[in-house]
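> Protein chains in written order, with the working numbering: chain A, 67 to 530; chain B, 67 to 530; chain C, 67 to 530.
Hints were generated in silico from the structure; no laboratory data involved. Incorrect hints may appear among the rest.
[Said to hold, decoys possible] Below, in silico cross-link-like pairs of lysine to aspartate or glutamate (EDC-like), each with a Cα-Cα straight-line distance of 16 Å or less:
id, chain 1, residue 1, chain 2, residue 2
1, C, LYS353, A, GLU119
2, B, LYS197, B, GLU111
3, C, LYS449, A, GLU119
4, A, LYS353, B, ASP464
[To be verified] Rough simulated footprint, nothing fancy, chain C against chain A, three-plus residues with beta-carbon under 8 Å:
id, segment
5, 102–114
6, 160–169
7, 174–183
[As the list claims (entries may be wrong)] Pair by pair, the computed Cβ-Cβ distance ranges are:
id, chain 1, residue 1, chain 2, residue 2, range
8, B, ARG519, C, ARG519, 19 to 29 Å
9, A, ALA98, C, THR469, 33 to 43 Å
10, C, ALA440, A, TRP187, 58 to 68 Å
11, B, ASN83, A, LEU498, 47 to 57 Å
12, A, ASP464, C, ASP457, 46 to 56 Å
13, A, GLY104, C, ASP457, 38 to 48 Å
14, B, VAL105, A, ILE126, 51 to 61 Å
15, B, ARG289, A, ALA441, 52 to 62 Å
16, B, VAL486, C, ILE495, 48 to 58 Å
17, B, ASN83, C, ASN81, 54 to 64 Å
18, B, LYS463, C, ASP457, 42 to 52 Å
19, C, GLU444, A, ASP133, 23 to 33 Å
20, B, GLN286, A, LYS288, 28 to 38 Å
21, A, CYS479, B, ARG289, 54 to 64 Å
All values derive from a computational prediction rather than experimental measurement. Just so it is clear, CB atoms sit at the ideal spot from N, CA and C, and this is done for glycine as well.
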Amino acid sequence: SVQSCHQDYFSRQKNTNIRLTLPVVCFVWQIAMIILFGVFIRYDEESDTHWVETKAHDNITSDIENDFYFRYPSFQDVHVMIFVGFGFLMTFLKRYSFGAVGFNFLIASFGLQWALLMQGWFHSLDPQTGKIFIGVESLINADFCVAGCLIAYGAVLGKVSPVQLLVMTLFGVTLFAVEEYIILNLLHARDAGGSMVIHTFGGYYGLAISRVLYRPNLHQSKRMQGSVYHSDTFAMIGTLFLWMFWPSFNSAITDHGDGQHRAVINTYLCLASTVLTTVAISSLSQKTGKLDMVHIQNSTLAGGVALGTAAEFMISPYGALIVGFFCGIISTMGYIFISPFLEKTLKIQDTCGIHNLHAMPGVIGGIVGAITAAAASESVYGKQGLINTFDFTGDFKDRTVLTQGGYQAAGMCVSIVFGVVGGAIVGSILKLPIWGDPADENCFDDEVYWEVREPATHHLLFTI
Amino acid sequence: SVQSCHQDYFSRQKNTNIRLTLPVVCFVWQIAMIILFGVFIRYDEESDTHWVETKAHDNITSDIENDFYFRYPSFQDVHVMIFVGFGFLMTFLKRYSFGAVGFNFLIASFGLQWALLMQGWFHSLDPQTGKIFIGVESLINADFCVAGCLIAYGAVLGKVSPVQLLVMTLFGVTLFAVEEYIILNLLHARDAGGSMVIHTFGGYYGLAISRVLYRPNLHQSKRMQGSVYHSDTFAMIGTLFLWMFWPSFNSAITDHGDGQHRAVINTYLCLASTVLTTVAISSLSQKTGKLDMVHIQNSTLAGGVALGTAAEFMISPYGALIVGFFCGIISTMGYIFISPFLEKTLKIQDTCGIHNLHAMPGVIGGIVGAITAAAASESVYGKQGLINTFDFTGDFKDRTVLTQGGYQAAGMCVSIVFGVVGGAIVGSILKLPIWGDPADENCFDDEVYWEVREPATHHLLFTI
Amino acid sequence: SVQSCHQDYFSRQKNTNIRLTLPVVCFVWQIAMIILFGVFIRYDEESDTHWVETKAHDNITSDIENDFYFRYPSFQDVHVMIFVGFGFLMTFLKRYSFGAVGFNFLIASFGLQWALLMQGWFHSLDPQTGKIFIGVESLINADFCVAGCLIAYGAVLGKVSPVQLLVMTLFGVTLFAVEEYIILNLLHARDAGGSMVIHTFGGYYGLAISRVLYRPNLHQSKRMQGSVYHSDTFAMIGTLFLWMFWPSFNSAITDHGDGQHRAVINTYLCLASTVLTTVAISSLSQKTGKLDMVHIQNSTLAGGVALGTAAEFMISPYGALIVGFFCGIISTMGYIFISPFLEKTLKIQDTCGIHNLHAMPGVIGGIVGAITAAAASESVYGKQGLINTFDFTGDFKDRTVLTQGGYQAAGMCVSIVFGVVGGAIVGSILKLPIWGDPADENCFDDEVYWEVREPATHHLLFTI
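I would like the entire structure built from these sequences, with the hints used as guidance.
And the structure:
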């Protein structure tokens, strides 16, 4: 049969047997996590039973002051974005839904543990005790860190093995923690929703890896590329949960009170504006004005990416609309013009178009953030508001908004460099012939790594 | 082939090329939004960086007092209802999932911007500054306003172009803001969950439009009507997210504290009761007691609609159950008996049956609200409780509950009149032959407005 | 045709006409609920309009102190788990999605009403007034109670009629309320996330019923067992919403402040660990290391079950990871080795494998809880922390942690006994030939209880 013939051909070419490597990596890394957590990770004072004493000591009158109640609803939304949002957004391929949702699930689950350690070491290692104290904000940051790697997954979707994805996540989280430390702590840039730290880094990290793993004969699996009607509908579940909960993403770790409130309003407006211009450009790109699901699934989200840095600033409601307006246009045009160019000229095969959804809008977000910061004024923010928003305290209490703008721009450059250089190095590691990646003619096919019970007849319907 | 033959026939009949109109409408309207937002919309004091001064001035001791923390979880649930709930509920048609989810996405994104302006001008324009100050409650109200238009979309699903939908939303939001102003401000009726303001108005608005756009030859696209197995499963995603989050919908803008708490309990109970009677009637309607997915997808929600007005009142838990009990019966019977009658006799083609899910239960909700208000007493509510619940303050401090009941009933009439008359006028505008609507034989088919990549073979399976 | 031939054969065998029984049960039981709610159920002081007086009386300064704001976000997540989580998890069968989502919807809607009464009578009947006062915590507990019955549904999925399911729910909720009273009140065991009370009870209840209803000729519907590609993707929606929101489940009714905060952290970590070991064992179980969707859909959740009891304890982050580590292994091995054994040797046909997802991890959770409780110390918890966590107050103020550990273990035994004995009795009732259950060759087929509009051709694709 066609199926078994493929199977034979494919086994002559590449060994995708991961029965040894995948379990070993999962077991060893998980055991390492347990040991490192045992040594380093403890509950913080708001999640420890000693909270009752903390409350008395700090004169906190009510349990509602626990940070849990400020952040938990946002955390849950972010959690949905990571697992359902990213997972289902990538189910658009006709026959890679299991890999999309399942591998996303796997690498996010590993990544968030490793992120708690890496971010802990860099951001919150207690010098006295040598411990990392975690609470709900740590969980949000871990989810954020994982998002960077899931973005990168989008570029190589269907072309790598789960073992490669785990390796990519291990290094991705590590690089993330370092660049985040440089950008947020050393440069003291602001990036609440991670335009730079998450999206720009994650985007270029994935694109660089995809470049190194370039497959000149990928056209051999052309029959498996593209979507079918139902897979596009599944992908819209991912799109919508990302879109709806993006206000929570951009506000999850902003300042209590007005900070969270404002970030939500800005992101809500920006994303609404993006939808209209995405539809406009998508319709313009076809002879009869028909819409393309790829654009609706992806470019409608570009506004959320681009407002990641500035969401907490006083960018003002119409400012948010303007950012969304241009992002919808640029991202959709990216799908129409830039993606084919990247593939043909730069040999970057970008399955999900993360260049248009994350890398480019992330850079826009970094620029918007730098400009908005540089343009901030006491008359708009208020004296204390300005200090709170840009955290002009401690070593940074004399920083001017203009300097801040410069450091914001510098932060963006750091995230690009980390993405490109880190991705190139990690890509080289992933090129080693030991990770069980699929042959060119078996890409985008769940049957390589999943038991698919379905009778072949049904399958053929979609492929022939 | 069959496909291309359709294509030819169809292009002779009607011009569905929207390559000019759709982009122009999207661009021009979005630019108009940016300008109007620039002139009118500002952050309110709880989302502005001056919040730190507001706190000091008003002796607010903690950031948790920011309205954001009272309303944000409910807002996010409402947001899910608007985009996933309404969007996926309408995916039940075998070949209109893209249009259902995608156009819902488009018009909601435009509508919420326009709603912030319209509702702002009518409800919260600051006379000193001429500005509209928005916060999380404004976002909820904008989503509510959009809900009215999405309900109306249900009546014309599959029969209109996206340009028509945008026009329908423009006028729908405008009418909504006016009738809301009359009902809530002038009549001072209570309608927290919008039985009257949202569901009755939206229902009759959609039905009136559908009446004006009556298509005598709609049977020509009969092959595309109805559902397939998977599209019904997708629709259940919409149903369940609407059902689960309806308690948040009805409580999202009720009074802090007991008001939100009580509205949640009432709606939770009412909806549970509706499910049982819906199942009972659905089973009764078939010779062998089999259930009909159309009923389960829609009528199970009728209780939430009907408790929209009374959810915040002391209707008591068993009162909520009774409302749900009758709504399940009436709504399911509507699908069995009234919808065919409306189509044959009144020439109202109601794709989703919004008459049974929104219009009729909305009217019931208005009546329940009027009766419950008229029957309110100080012994049940407490002196201050009665004042708080019905907002008997300012100009209305001497109003009696009986008078209140009368004004509630008057409010319901206003919503019906606005829906019917407004819908008739807007329907006439939509009848102009410039909007690119599909021919009768191409209704309910995504291929008119979407690039569908799927091989025809698969498609034929469903249509032949 | 094949279809009609089945139909004939089937109607000779068993009468699945439920046109009388289903509507009667729905109507009579719903009316009973209304009457009982009228007699017993009232708003509690936080959801009553008298809250304004309560606030004044108790010196509560802000509405945010209303329990609603501590619990509502968790409640909504739990609600999603009950309806979308459980409902969609069971859609994995190729042709039983309507039954999975629809009957889950029906029995949960009835069960939560009955649970409010049963749990009210046992836990919160006010002796003065003879009333049950409900608030948001009651709604969470009702959802929890329903979860036990939905777990049991998993064992008999596809093999019972909706009437049988309603009967199973009626008795299930009743038994639940009694065992819960014994375990939580009499034994004073702690079980915030219900490892014992919900999962162990629900698991064994379902398994015992399935044992009594054993069908020796179930192989006759073999063509309908198993999944297809799209049904597995739908099931992942259920899996992910359960997985993501499990931290809310385990923390929904724990102590305000650190209790909720800690339960979230523990569950989040535990579940992440489970994913890695599930993937490892699943891959090990296949010749070429391919993954099995059944494992990913189910065993990834076992960690959440097993941390139900100990989630609020100071099990420490690495302790949570260890629990998850072993649960992933044990649960996946359950699917590979134990389920076939149960079916062949013990004649327990367990459609969803609830033994591996709920019963076994539930027992592990009970043991983990007992050990963690017995090992608790003042040095780790703090003096007041220990009292708060284990509620060593009133009659139990002199209890030691070691005694507590013993009572925890006793609680687990109670839940097993109630599950097994209760299930055996209820199973016998369900064996009566009056409930309209399907014939062996019609199991797992939606066409028995649902109007399925689809043309037979499409259907045959999946079955031949």
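> If a hint holds in the structure, say so; if it does not, say that too.
For each hint, the structure was consulted:
1. Under the criterion of a C-alpha separation no larger than 16 Å, the hint pairing LYS353/C with GLU119/A is inconsistent with the structure, at around 55 Å.
2. Distance hint between LYS197/B and GLU111/B is fulfilled; the C-alpha atoms sit about 13 Å from each other, no more than 16 Å.
3. Annotation: proposed proximity of LYS449/C to GLU119/A holds, straight-line Cα distance about 10 Å (limit 16 Å).
4. With a C-alpha separation of about 64 Å, the suggested pairing of LYS353/A with ASP464/B is violated against the 16 Å cut-off.
5. Remark: the segment 102–114 of chain A is confirmed as covered by chain C, as 8 of its residues place a Cβ nearer than 8 Å to a Cβ of that chain, reaching the required three.
6. Residue count for the segment 160–169 of chain A with a Cβ under 8 Å from a Cβ of chain C: 5. That meets the three needed, and the coverage hint holds.
7. Interface restraint, the segment 174–183 of chain A with chain C: holds (4 residues with C-beta to C-beta distance below 8 Å; minimum three).
8. The supplied range of 19 to 29 Å is met by ARG519/B and ARG519/C, whose beta-carbon atoms lie about 26 Å from each other.
9. As the Cβ distance of ALA98/A to THR469/C is approximately 37 Å, the hint placing it in 33 to 43 Å holds.
10. Judged by the Cβ atoms, the range 58 to 68 Å given for ALA440/C and TRP187/A is violated: they are separated by roughly 34 Å.
11. Between ASN83/B and LEU498/A the Cβ separation comes to about 52 Å, which falls inside the hinted range of 47 to 57 Å.
12. Taking 46 to 56 Å as the suggested C-beta distance range, the pair ASP464/A and ASP457/C conforms, at roughly 52 Å.
13. Take GLY104/A and ASP457/C: their Cβ atoms lie about 29 Å apart, and the range 38 to 48 Å is violated.
14. With their beta carbons about 43 Å apart, VAL105/B and ILE126/A fall outside the hinted range of 51 to 61 Å.
15. The hinted range of 52 to 62 Å is satisfied by ARG289/B and ALA441/A, whose Cβ atoms lie roughly 58 Å apart.
16. The given range of 48 to 58 Å is respected by VAL486/B and ILE495/C, whose C-beta atoms sit roughly 53 Å from each other.
17. Taking the beta carbon of each, ASN83/B and ASN81/C are about 56 Å apart, inside 54 to 64 Å as hinted.
18. One distance hint, 42 to 52 Å for the beta-carbon pair LYS463/B and ASP457/C, holds here, with the actual separation near 47 Å.
19. At roughly 26 Å, the beta-carbon separation of GLU444/C and ASP133/A lies within the given 23 to 33 Å, and the hint holds.
20. Look at GLN286/B against LYS288/A: about 37 Å separates their beta carbons, and that is inside 28 to 38 Å.
21. For the pair CYS479/A and ARG289/B, the beta carbons lie near 57 Å from each other, so the given range of 54 to 64 Å is met.
In the structure shown, a violation is registered for the earlier hints numbered 1, 4, 10, 13, 14, in ascending order.
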